[in-house]
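Each protein sequence line maps, in turn, to chains S and U.
Going by the numbering used here, the first sequence runs without a break in its numbering and finishes at 252.
Going by the numbering used here, the second sequence runs without a break in its numbering and finishes at 252.
Hints may contain errors.
Heads up, the list lumps identical chains together, so a pair's fine if it works in one copy or across two of them.
Said to hold, decoys possible - No more than 30 Å apart at the CA atoms, straight line, and that leaves these computed lysine-lysine pairs for BS3-like:
#1 188 / 247
#2 148 / 77
#3 135 / 209
#4 247 / 135
#5 247 / 77
Hints were generated in silico from the structure; no laboratory data involved.
There are 2 protein chains.
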Amino acid sequence: MANKRIPQRQSSITSQVLDILIENIREGAYEEEALPSEYQLAHEFEVSRATIRSVLDRLETLGLIYRRQGVGTFIRKSSQISNPLNQFVNFYDLIRDNGFEPGLEQLSAELVNPDMDIRERFHLESDQRVLEVQKLFLANGDPIIYCKNIIPEWVFSGKFTPDELLRPDAIEPGFLSFFEKKCQQPLKYFISDVRAEILIRLPFLNMFKHLDPLTPVLVISEIGFNQQDVPIVESIEYHPGNRMDFKLIRIG
Amino acid sequence: MANKRIPQRQSSITSQVLDILIENIREGAYEEEALPSEYQLAHEFEVSRATIRSVLDRLETLGLIYRRQGVGTFIRKSSQISNPLNQFVNFYDLIRDNGFEPGLEQLSAELVNPDMDIRERFHLESDQRVLEVQKLFLANGDPIIYCKNIIPEWVFSGKFTPDELLRPDAIEPGFLSFFEKKCQQPLKYFISDVRAEILIRLPFLNMFKHLDPLTPVLVISEIGFNQQDVPIVESIEYHPGNRMDFKLIRIG
DNA sequence: TAGTGGTCTAGACCACCAC
DNA sequence: TGGTGGTCTAGACCACTAC
Chain S
1 MANKRIPQRQ SSITSQVLDI LIENIREGAY EEEALPSEYQ LAHEFEVSRA TIRSVLDRLE
61 TLGLIYRRQG VGTFIRKSSQ ISNPLNQFVN FYDLIRDNGF EPGLEQLSAE LVNPDMDIRE
121 RFHLESDQRV LEVQKLFLAN GDPIIYCKNI IPEWVFSGKF TPDELLRPDA IEPGFLSFFE
181 KKCQQPLKYF ISDVRAEILI RLPFLNMFKH LDPLTPVLVI SEIGFNQQDV PIVESIEYHP
241 GNRMDFKLIR IG
Chain U
1 MANKRIPQRQ SSITSQVLDI LIENIREGAY EEEALPSEYQ LAHEFEVSRA TIRSVLDRLE
61 TLGLIYRRQG VGTFIRKSSQ ISNPLNQFVN FYDLIRDNGF EPGLEQLSAE LVNPDMDIRE
121 RFHLESDQRV LEVQKLFLAN GDPIIYCKNI IPEWVFSGKF TPDELLRPDA IEPGFLSFFE
181 KKCQQPLKYF ISDVRAEILI RLPFLNMFKH LDPLTPVLVI SEIGFNQQDV PIVESIEYHP
241 GNRMDFKLIR IG
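Take these sequences, add in the hints, and give me the full structure.
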């Protein structure tokens with residue numbers, strides 16, 4: 001039960017331990033759903049118990065584990081499938097985790113002059129453009145999520161030729177690493193807004209022809225911020241028909 | 001700028017500091033939206049910096065503050081209005097915070113024999129009953145949230161006469177303190193599920209007669225667990241028409 | 001009683017930012 | 001350069017659970 005991997009100083013020790021533990025949990029290490037004790041983990045990873053505890057705190061708010069005082073730390077089995085409302089999530093992986101064959105279709109990608117609304121949201125001058133990408137995620141070939149991303153030009157300017165940028169694989173899969181690796185602007189947090197809609201009231205009805213126009217649609221609009229708290233992306237996601245679970249854990 | 005209140009050992013120091021800071025923030029103390037530095041707070045409250053940091057961590061995930069390395073800790077102004085998807089929330093207060101006059105109408109309250117579904121969810125034997133409460137929250141007199149609570153009898157048995165229990169003010173307002181104070185079973189966490197629906201497909205259409213039957217409805221079903229991870233309440237909330245913001249902050 | 005998680009401390013060093 | 005938040009340590013004591 002020893003961990004071969006011991007964190008090195010490059011990114012923070014905490015985030016390395018976090019990654020390792022998440023991987024271990026997903027791979028089904030840890031028999032009986034019980035993690036080693038905090039003392040043991042601290043010893044195995046050669047870090048202090050405080051560090052281990054901060055990692056376990058993260059795992060707890062993510063809903064991956066629960067802890068019982070005097071007993072131990074356990075894997076929350078029901079939540080092996082990630083709950084996208086609690087964490088940054090890659091839809092491609094999420095669809096696969098839900099047992100479907102994921103697919104992606106890029107509908108459009110263009111540099112446009114934003115309207116006033118968008119300009120204000122991103123604090124843009126009137127001559128600055130934004131990249132607008134529309135795409136469709138598929139599950140077993142069926143459209144399941146319609147998604148629209150808006151990214152101000154300054155975020156990626158100079159790093160891509162227009163050609164590279166508009167290619168379907170420029171951003172996805174790996175939305176998050178696009179910002180981190182390619183733009184050197186990792187996302188720090190999202191502010192999201194959740195609401196309900198009806199398919200017939202939405203402008204892209206035609207993409208979901210196979211669905212009843214009265215299908216309810218869960219709409220999540222998110223604004224992503226970089227380390228300096230500057231908004232660098234807006235993402236609006238439409239989930240018709242409640243085909244996926246949106247779980248959420250709130251800890252008092 | 002000194003804090004008159006210094007935490008005493010009764011509940012945890014952390015949660016006392018948390019309460020005080022939340023109160024200070026809501027009251028608009030802290031000029032310029034900047035909190036004192038962590039060292040200063042530690043000194044004012046006479047606790048260690050680690051304790052202060054764990055409190056600030058909580059405030060950050062609640063979306064109440066943000067931190068800038070090398071600069072300071074600031075109040076997130078946009079989020080003075082609480083985001084109920086991130087924290088335990090009292091709808092009564094939430095409605096008031098959104099600028100409406102809150103109201104509450106209890107539609108029914110009865111002890112019933114649960115169906116199989118509920119029995120399984122709460123691990124109940126077939127002779128155990130549950131309290132089922134239906135209520136309507138009002139904003140300026142208009143119904144705005146329809147809510148159904150289910151609580152197994154063992155949670156409160158022996159603590160109330162049937163008469164007390166079925167009174168409209170037995171549970172609300174102060175849903176959370178009902179469990180903490182009256183049942184001695186504070187809620188530790190909720191697992192929620194978020195989905196979209198359409199008013200016309202729901203069985204209580206008649207309560208929202210003034211609304212278009214095609215109004216979209218945000219549905220949040222939650223199961224609340226006590227300190228021993230035993231489910232003690234189910235709450236299903238229907239929010240027609242997106243009249244309130246459901247904000248959410250996710251931190252990477 | 002032994003072992004677990006929960007809380008808290010005191011102190012160190014780093015990374016970042018403004019001046 | 002000084003002050004801020006970010007990370008990490010080592011150790012203490014408490015509260016709870018199981019045996």
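Among all the numbered hints in the text so far, which are the ones the structure does not match? The structure breaks none of the hints.
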